[in-house]
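**Q** Residue-level listing of the chains:
Number of protein chains: 2
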Amino acid sequence: MNNNQESFGVRRLYHTPFYPACRKIRVMMAEMGVSAELVEEPAWEQRPQFLAMNPAGELPILIDGDGRCVCGSYAIAEYLDEGYHVGDFIGTTLDERAEVRRLVAWADTKMLKEVTQPLIYEKYFRHLRKQGNPDSGKIRQAKAHLVYHMGYFEQLLKQRSWMASDRYTLADIALASHLSLCDYMGDVAWKDNSYLKRWYALMKSRPAFRAILTDRVRGIKPPEHYENPDF
Amino acid sequence: MNNNQESFGVRRLYHTPFYPACRKIRVMMAEMGVSAELVEEPAWEQRPQFLAMNPAGELPILIDGDGRCVCGSYAIAEYLDEGYHVGDFIGTTLDERAEVRRLVAWADTKMLKEVTQPLIYEKYFRHLRKQGNPDSGKIRQAKAHLVYHMGYFEQLLKQRSWMASDRYTLADIALASHLSLCDYMGDVAWKDNSYLKRWYALMKSRPAFRAILTDRVRGIKPPEHYENPDF
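These protein sequence lines are chains A and B, in that order.
Those letters in the first sequence? Residues 1 to 231, per this note's numbering, in order.
Those letters in the second sequence? Residues 1 to 231, per this note's numbering, in order.
Do not take every clue at face value.
Same chains, same label: a pair holds when it works inside one copy or across any pair of copies.
Said to hold, decoys possible - For lysine-lysine, the following PhoX-like pairs were computed, each having C-alpha atoms within a straight-line distance of at most 25 Å:
#, residue 1, residue 2
1, 204, 221
2, 158, 130
3, 158, 138
4, 204, 138
5, 143, 113
6, 158, 123
7, 130, 143
8, 138, 110
9, 204, 158
10, 130, 191
11, 143, 158
Don't read these hints as lab results, they were simulated from the structure.
Predicted, not measured: the structure shown is a model, and the values here were computed from it.
Looking at chain A on its own, in the form it has when it is part of the complex (with noise of 0.2 Å):
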C-alpha cells in the first residue's frame, strides 16, 4: 500500500474498549513495545470512514505507521509477528505454533461465540444500542458454558506452566482477554478453579496487561478485585 505523507510515523490502533479480539492485540502491542495512537471507534455505528477501513465493519484496525492498512486480529497478530520480530509470541517451534494458534481460535472464536459475545451483548451492548431488557436465559446458559470453559484451562495449566507451552505466549494473551471482560462483568469464580487463578494473578501483574483493566465502560462497575492481582 501507499506511502501516505500525513500519516508517516503515527501508528494508530482502531479499538472498542468492550472487544476481547482488541485487547488482545492491545497487549501484543504493548508487549512487543510498539506503541500506538488508540482510536476508540464505535463499531456499531458503521460509520462510512470506518467501513471505508475496513468494509468488513469489524475491530481492531492497525493503520501502521506508513500508512499500511491491516484489518482484523487474526491478520494483526501474525503482521505484528512477521513484520516486527520481537519476542515470539506466537511460538518458536511448529508444535507450539499450531497450540497457541489452536487456542487463539478457541478464545476468539469458541469462547466468543458460547461466552463472551452473549454475555457482552446482553450486559452491555444491548442498553448501550437500545435494544431491550437483558436476556436472562441466554446470561445464564453462557455463564454455564463459561464454567466449563475454565475447567479445560483449569486441566490444561495443571500439565503447562502457561496456556500452550511453557512460556508466555499470545495464547495466554487471548484467553485472559475473553477472561478479563468476564471477570468485569462479575462472572468468574475464580475460587473453583485454583491454577487458573494463579495464572490470571500473573497476567494481572503484567503492566502490558494492566494497562486494559483501566478500561472502564459507562454503566457497569467491576468487581473490587478486577485490577488487583492479589484477589
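Could you slot chain B onto chain A? The hints should help.
**A** Positioned in the frame of chain A, the structure of chain B alone reads:
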C-alpha cells in the same frame, strides 16, 4: 509431539464434506501436493475419540505423518505454509499476507456467520440432526446477505485478477469454498456478477478444486451447472 511408530507416514485429515473450512484445507493441501487420507467425521456426534483429538469439537483436524495433531483451519493453514514451504498461498509480501488473511477471516467468520452457516444448517444439518423444519425467514435473510457478499467480491475482482492480489492465494480458496456450498444448494445468482462468475469458472477448472465438487450429501442434489466450468 511424539513420533508414533504405528501412524508414521500416514497423514490423515478429519473433515466433513459440507463444511467450508474443511473444503479450504483440502483444496490448499491438494494445491500443495500434500496428500492425506480423508476421514469423514460426524462432528455433531461429538465422539469421545474425536474430542480427545480436538477438545473444541471442531473440524478440520490434521494428523501429520509424524503423529503431530493440528486442530482447526487457522492453525492448519499456517502450519502448512510454515512447515511445507510449497507455493506461497498465504502471500509473499507483508501487504499481500495481510490482505489474504483479511479475506480468509472474511470467509470463515463473517460469511460463515451471515450466509453459509445458516444456509447449511437450515437446508441440511437441521434435517440430519432431526431438529424440525427449515426456518424460511433465516434462509431468506442469509440469501439477502449472500447478494451483498457477492457484490463485494465482484468489486474486488474489478480491481485485481484474484481476490487478494494478482496471484491465486488462500483467499481465493477460502471464498470459493464458501461459494461452492452456496452453489450446491442452488443459492448463487451468478448472472448478476460477471467478474465473479469468470473467477469461479477459473476456480472450477483447477484440478485441486474440482475434487471437492464431486462430493455429494444425502437429500440434496446440486444444480446441473455445479461441476461444470462452463456455466
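**Q** Each hint needs a verdict: does it hold in this structure or not?
**A** Hint check results:
1. 204 / 221: Result: close within a single copy only, 18 Å intra versus 54 Å inter.
2. 158 / 130: Neither. Shortest intra-copy (43 Å) and inter-copy (39 Å) distances fail the 25 Å Cα cut-off.
3. 158 / 138: Neither: 31 Å inside a copy, 43 Å across copies.
4. 204 / 138: The answer is neither: 29 Å in one copy and 42 Å across copies each exceed 25 Å.
5. 143 / 113: Answer is both: 12 Å inside a copy and 22 Å across each meet the 25 Å cutoff.
6. 158 / 123: neither (32 Å within a copy, 43 Å between copies)
7. 130 / 143: within (23 Å within a copy, 27 Å between copies)
8. 138 / 110: Answer is both: 16 Å inside a copy and 22 Å across each meet the 25 Å cutoff.
9. 204 / 158: within (19 Å within a copy, 48 Å between copies)
10. 130 / 191: Intra 35 Å, inter 40 Å, cutoff 25 Å: neither.
11. 143 / 158: For residue 143 and residue 158, only the intra-copy Cα distance (23 Å) is at most 25 Å; the inter-copy one is 46 Å.
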